[in-house]
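J.: Just need the whole structure built from these sequences, with the hints factored in.
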Amino acid sequence: MKHRKKARSPGPPEVRVDVGAVYTLDVLCRLVGISSQTILHYQEHGLIGPAGSAGPAAGRFDDETLRTLRRIEHLRDHYEMNLRSLKFTLGLLHELERLRDEMRTRR
Amino acid sequence: MPVEFKDYYATLGVARDASQEDIKKAFRKLARQFHPDVAKDKRGAEEKFKAVNEANEVLSDPVKRKKYDELGANWQDEGAFQPPPGRRGGGAHPGDRGQEFHFGGTGFSDFFEQFFSGGSRYGFPDGATGFGDEPDSGGARPRRGGDVEGDILVTLEEAMRGTVRPLSLRMVNPQTGEADTRSFQVRIPPGAIDGRRIRVPGQGEPGHGGAAAGDLFLRVRHAAHPDYYSREADIYHDLEVAPWEAVLGAEIMVPTLDGTIKLRVPQGTEPGRQLRVRGRGLPKGKTGERGDFFVIVEVSLPTSLNSEERALWEKLRSTSEFDPRGAPPS
Numbered sequence: 001m002k003h004r005k006k007a008r009s010p011g012p013p014e015v016r017v018d019v020g021a022v023y024t025l026d027v028l029c030r031l032v033g034i035s036s037q038t039i040l041h042y043q044e045h046g047l048i049g050p051a052g053s054a055g056p057a058a059g060r061f062d063d064e065t066l067r068t069l070r071r072i073e074h075l076r077d078h079y080e081m082n083l084r085s086l087k088f089t090l091g092l093l094h095e096l097e098r099l100r101d102e103m104r105t106r107r
Numbered sequence: 108m109p110v111e112f113k114d115y116y117a118t119l120g121v122a123r124d125a126s127q128e129d130i131k132k133a134f135r136k137l138a139r140q141f142h143p144d145v146a147k148d149k150r151g152a153e154e155k156f157k158a159v160n161e162a163n164e165v166l167s168d169p170v171k172r173k174k175y176d177e178l179g180a181n182w183q184d185e186g187a188f189q190p191p192p193g194r195r196g197g198g199a200h201p202g203d204r205g206q207e208f209h210f211g212g213t214g215f216s217d218f219f220e221q222f223f224s225g226g227s228r229y230g231f232p233d234g235a236t237g238f239g240d241e242p243d244s245g246g247a248r249p250r251r252g253g254d255v256e257g258d259i260l261v262t263l264e265e266a267m268r269g270t271v272r273p274l275s276l277r278m279v280n281p282q283t284g285e286a287d288t289r290s291f292q293v294r295i296p297p298g299a300i301d302g303r304r305i306r307v308p309g310q311g312e313p314g315h316g317g318a319a320a321g322d323l324f325l326r327v328r329h330a331a332h333p334d335y336y337s338r339e340a341d342i343y344h345d346l347e348v349a350p351w352e353a354v355l356g357a358e359i360m361v362p363t364l365d366g367t368i369k370l371r372v373p374q375g376t377e378p379g380r381q382l383r384v385r386g387r388g389l390p391k392g393k394t395g396e397r398g399d400f401f402v403i404v405e406v407s408l409p410t411s412l413n414s415e416e417r418a419l420w421e422k423l424r425s426t427s428e429f430d431p432r433g434a435p436p437s
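One line per chain: the protein sequences are A and B, in this order. As numbered in this note's numbering, residues 1 to 107 make up the first sequence, in order. As numbered in this note's numbering, residues 108 to 437 make up the second sequence, in order.
Hints should not be assumed to be uniformly reliable.
Said to hold, decoys possible - Keeping only pairs whose Cα atoms sit at most 16 angstroms apart, straight-line, the calculated EDC-like set for lysine to aspartate or glutamate is:
1) B:Lys132 <-> B:Asp168
2) B:Lys171 <-> A:Asp101
3) B:Lys391 <-> B:Glu339
4) A:Lys87 <-> A:Glu73
5) B:Lys391 <-> B:Glu264
6) B:Lys369 <-> B:Glu358
7) B:Lys131 <-> B:Asp168
8) B:Lys171 <-> B:Asp114
9) B:Lys391 <-> A:Asp18
10) B:Lys171 <-> A:Glu102
11) B:Lys173 <-> B:Asp114
12) B:Lys393 <-> A:Asp18
13) B:Lys171 <-> A:Glu97
14) B:Lys391 <-> A:Asp62
15) B:Lys157 <-> B:Asp144
16) B:Lys393 <-> A:Asp101
Worth flagging that the hints you see were computed from the coordinates, not collected in a lab.
T.: Printed below as a string of structure tokens:
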């Protein structure tokens, strides 16, 4: 089925994506390349939000969390940030994005 | 990379000193005219609709508009536009920046991508991708490629039904000047809500030393629609009703993104009241759950009356006990 579809539409490869994807802690660890302890440590300090609480997202993490973790690892790698500067930087970036979104919805 | 300068004022047909209100009006008019659902010439209309949306995206945002006006002042009329030095793509201090990213197929023009959106590593602002110390020349340590972020313009219909979008990502390594373009199609399922991030695995920066490539994070931006606007998964629609429909109640056929519904406007509906139609908004994801459809009631008043209508309003005036300003103090 998949092959037939591919043969019919030549051209650039098709990537299937998910909107509202959620991941278990294990999968999240693998995707970011850090241990679950580290993730829980970040969570304790409020760098990332809690896992979902209801429905299919219960106990799972979303793409927003994955993105934040990747950014944290980048900031640690490239700027040698410690927990305090991470907290501060992420707070600023979050506020910046929130304000931009707010300006956008005001229009 | 030289890009073609876009005259957003001409696209919307407004003057350079047009007010925000003028821009909004011009956009609504054109968006209605060229909206793919409404226009007769679908193919031509879609291009125009995108162009109109892009112009609106920039001109309706005071910050982007100011930046655009400054760019315009530096524009030499030579067909191709060279960005002023110091900007993204200017190449004045190649050591200061990491990779450059340019998108194609996101629904925005190359011009827009270069100055108002563009891709960036981890979504950080320009120039914040490192100190030019990327150990990428024959680095022994395998290192995962960075994540790339960008916006994708999605119409409400696409958010409702899902879509397949051809995308291209051009990466320029400023140290070597090497450019690499990758093309792929992204199948986005229904439920692309504004602001939501979509992860496209493995389509970010290539990895080093045999490590995996980074991911591409696309942030959904809803194209403005002439009739509806979205908030999360909910859709809003302004509905004009006649005074007697608001006072006496009425059943009105209302178009939604997926078919027309019969809406009961209760008697005594005040202007601004929101009527909720459950489950007729955007899909929230795989669960099949959907947002709501909100109708905001606006009362339109007749502006020209024939003699019979006038007589009826006059009769209403003399008969009615309604006093909108309350009883005067005695």
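J.: When the hints from earlier in the document are held up against this structure, which numbers fail?
T.: 16
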